[in-house]
Amino acid sequence: MNLKPLADRVIIKMVEAEETTKSGIILTGSAKEKPEVAEVIAVGPGGMVDGKEVVMTVKVGDKVITSKYSGTQVKVEGEEYTIVRQGDILATVE
Amino acid sequence: MNLKPLADRVIIKMVEAEETTKSGIILTGSAKEKPEVAEVIAVGPGGMVDGKEVVMTVKVGDKVITSKYSGTQVKVEGEEYTIVRQGDILATVE
Amino acid sequence: MNLKPLADRVIIKMVEAEETTKSGIILTGSAKEKPEVAEVIAVGPGGMVDGKEVVMTVKVGDKVITSKYSGTQVKVEGEEYTIVRQGDILATVE
Amino acid sequence: MNLKPLADRVIIKMVEAEETTKSGIILTGSAKEKPEVAEVIAVGPGGMVDGKEVVMTVKVGDKVITSKYSGTQVKVEGEEYTIVRQGDILATVE
Amino acid sequence: MNLKPLADRVIIKMVEAEETTKSGIILTGSAKEKPEVAEVIAVGPGGMVDGKEVVMTVKVGDKVITSKYSGTQVKVEGEEYTIVRQGDILATVE
Amino acid sequence: MNLKPLADRVIIKMVEAEETTKSGIILTGSAKEKPEVAEVIAVGPGGMVDGKEVVMTVKVGDKVITSKYSGTQVKVEGEEYTIVRQGDILATVE
Amino acid sequence: MNLKPLADRVIIKMVEAEETTKSGIILTGSAKEKPEVAEVIAVGPGGMVDGKEVVMTVKVGDKVITSKYSGTQVKVEGEEYTIVRQGDILATVE
Numbered sequence: 001m002n003l004k005p006l007a008d009r010v011i012i013k014m015v016e017a018e019e020t021t022k023s024g025i026i027l028t029g030s031a032k033e034k035p036e037v038a039e040v041i042a043v044g045p046g047g048m049v050d051g052k053e054v055v056m057t058v059k060v061g062d063k064v065i066t067s068k069y070s071g072t073q074v075k076v077e078g079e080e081y082t083i084v085r086q087g088d089i090l091a092t093v094e
Numbered sequence: 101m102n103l104k105p106l107a108d109r110v111i112i113k114m115v116e117a118e119e120t121t122k123s124g125i126i127l128t129g130s131a132k133e134k135p136e137v138a139e140v141i142a143v144g145p146g147g148m149v150d151g152k153e154v155v156m157t158v159k160v161g162d163k164v165i166t167s168k169y170s171g172t173q174v175k176v177e178g179e180e181y182t183i184v185r186q187g188d189i190l191a192t193v194e
Numbered sequence: 201m202n203l204k205p206l207a208d209r210v211i212i213k214m215v216e217a218e219e220t221t222k223s224g225i226i227l228t229g230s231a232k233e234k235p236e237v238a239e240v241i242a243v244g245p246g247g248m249v250d251g252k253e254v255v256m257t258v259k260v261g262d263k264v265i266t267s268k269y270s271g272t273q274v275k276v277e278g279e280e281y282t283i284v285r286q287g288d289i290l291a292t293v294e
Numbered sequence: 301m302n303l304k305p306l307a308d309r310v311i312i313k314m315v316e317a318e319e320t321t322k323s324g325i326i327l328t329g330s331a332k333e334k335p336e337v338a339e340v341i342a343v344g345p346g347g348m349v350d351g352k353e354v355v356m357t358v359k360v361g362d363k364v365i366t367s368k369y370s371g372t373q374v375k376v377e378g379e380e381y382t383i384v385r386q387g388d389i390l391a392t393v394e
Numbered sequence: 401m402n403l404k405p406l407a408d409r410v411i412i413k414m415v416e417a418e419e420t421t422k423s424g425i426i427l428t429g430s431a432k433e434k435p436e437v438a439e440v441i442a443v444g445p446g447g448m449v450d451g452k453e454v455v456m457t458v459k460v461g462d463k464v465i466t467s468k469y470s471g472t473q474v475k476v477e478g479e480e481y482t483i484v485r486q487g488d489i490l491a492t493v494e
Numbered sequence: 501m502n503l504k505p506l507a508d509r510v511i512i513k514m515v516e517a518e519e520t521t522k523s524g525i526i527l528t529g530s531a532k533e534k535p536e537v538a539e540v541i542a543v544g545p546g547g548m549v550d551g552k553e554v555v556m557t558v559k560v561g562d563k564v565i566t567s568k569y570s571g572t573q574v575k576v577e578g579e580e581y582t583i584v585r586q587g588d589i590l591a592t593v594e
Numbered sequence: 601m602n603l604k605p606l607a608d609r610v611i612i613k614m615v616e617a618e619e620t621t622k623s624g625i626i627l628t629g630s631a632k633e634k635p636e637v638a639e640v641i642a643v644g645p646g647g648m649v650d651g652k653e654v655v656m657t658v659k660v661g662d663k664v665i666t667s668k669y670s671g672t673q674v675k676v677e678g679e680e681y682t683i684v685r686q687g688d689i690l691a692t693v694e
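Which chain is which? The protein sequence lines are C, L, U, D, E, X and S, in order. Going by the numbering used here, the first residue of the first sequence is number 1, and it counts up by one from there. Going by the numbering used here, the first residue of the second sequence is number 101, and it counts up by one from there. Going by the numbering used here, the first residue of the third sequence is number 201, and it counts up by one from there. Going by the numbering used here, the first residue of the fourth sequence is number 301, and it counts up by one from there. Going by the numbering used here, the first residue of the fifth sequence is number 401, and it counts up by one from there. Going by the numbering used here, the first residue of the sixth sequence is number 501, and it counts up by one from there. Going by the numbering used here, the first residue of the seventh sequence is number 601, and it counts up by one from there.
Since the hints were derived computationally from the structure, they do not count as laboratory data. Cβ atoms here follow ideal geometry from the backbone N, Cα and C, with glycine treated the same way. There's no promise every hint is true.
To give an idea of the interface, some chain S residues facing chain X are shown, with a C-beta separation under 8 Å as derived from the structure [as the list claims (entries may be wrong)]:
| no. | residue |
| --- | --- |
| 1 | 604 |
| 2 | 609 |
| 3 | 650 |
| 4 | 674 |
Next comes chain C alone, as it looks inside the complex:
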């Protein structure tokens, strides 16, 4: 994929329904903040963001749960991605 996130942003790709079932995770959420399981596709460099040092702790390949509502969705070569801030990632799934 040819998208490189800036600053503390992370590009994630929603995990397909089949995979979600396999890992046994079913998500419930309000209309305002829809949590979803996703895979990390690309990670920004971190550094100074709004005057604060941000160290990136997620890695490409991590499965993550995010608060999707503040992300931006893009479609590249037929695949849908979401760009979120690392701070919007709640947990990793192992």
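With chain C fixed as given, assemble chains L, U, D, E, X and S onto it according to the hints.
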């Protein structure tokens, strides 16, 4: 459980009604901020969050009272969990 | 009581009507911010809260006037308590 | 009076109408921010408030003009008082 | 006049319509932020305000243009004054 | 002109329609944030503004594009000016 | 082009529909935050912005995805540009 919270987040599991009765705690709350008793299942690493150093003070196994409204609910292998920030935990129950 | 407040939180218990009359304090307040007289039951450890050092200055047994609206009410063994931040306590009553 | 304000709070008592007339001050204000002349009855210790050092500059006995809207009113032994933050005091009247 | 402003506050007095015409200044403004020409009557000491050092740069006698909407109006001995923060003063008129 | 801006404020004068056409710039904007081309007439001294050091980078005579919505309009000796903060200036036009 | 952005602002130009198709990127977005692919035309100097040091990391010629909603559109010599803050740029496209 296979969820690892990031930053200052804590994964909690609501304590069943029977347990709540046993410890003698009955909660009342407004529609906006529903307090609940929960057990801590996993604790994030803390560290720099929004440019501020956060030290995690809750431990796995702690019974806690939280302001549930800002949490995100997930269901893993049939169990429901909530992901909150440590700052949303009001007190521990001993 | 078996509740231990976290960070800058304080657990208080409303003073009964009889006591309120005894000390001669009658409170008036808007619907939005209802002041009440309460006794401090437990005090959190203070320390870093939202990146700021908080020193706890109220003590168990203090009679206090608070802005109740941001507190959370819990009922333990038949007694009702309120959990507030120290910053929501306006004054002590001697 | 037996109220001791915390942090940067100040307890004030509205000056009676007669006094207001005597000093020649007539106040006009919007419904949202009602300025009033009051006498300082008790002054909190100041110190760190929301992570910022506050030095108290008003003294007991000062006549002050405040933005009353953020204050909390209490009645002690038949007298009405208002608890405000020092930052809500606009000026002293000499 | 017997009003002493606190902190970064400044007491100003609207310049009469005649004077406004003499200096050739006619002001237009929205209902939300009504700019006005005024004379500085008293200047607070400055110092730490909300944790930030404020140096007062306006002087008694300065003619100033302000955003009046956040000020508080008082009437002392038949004269109307407005209390504003120095940060609400946009420019001086020479 | 006899207006001296304070702090990080800048006084600008809208460029006439003819000039706008000459430089080939046509502006479009939403109702909420109307961009306009203007000439810088006076520049404040900068310095500490809201506790942050501001260095003024625009100069008298610069042509600038601003977000006009937060400015205040004044009329001096028949000319209309706008007072904006330097941070509301988006770009210079050369 | 004769526009020089100030501070942390970046001038971008939306990439034509043909180009968008060629790179295989199709964008979806909510009404509130419309993401778009654009080319960087000019980059501000960075430096202290709102009291925080900003280092510019995008370069002229970069293809970027932005949250367009906070930008300001201008038309210069028949071409439409958008002025955004660097922080509103989510990712670069390679």
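Hints and how they fare:
A cut of 8 Å between beta carbons decides the hint on residue 604(S): the least distance to chain X is about 5 Å, and the hint holds. The interface hint given for residue 609(S) holds, since its Cβ lies 6 Å from the closest Cβ of chain X, which is under the 8 Å cut-off. For the restraint placing residue 650(S) at the interface with chain X, the shortest Cβ-Cβ distance is roughly 7 Å, inside the 8 Å limit, so the hint holds. Interface restraint check: residue 674(S) against chain X, minimum CB-CB distance 5 Å, threshold 8 Å, status holds.
Every hint, counting from the list given before, is met by this structure.
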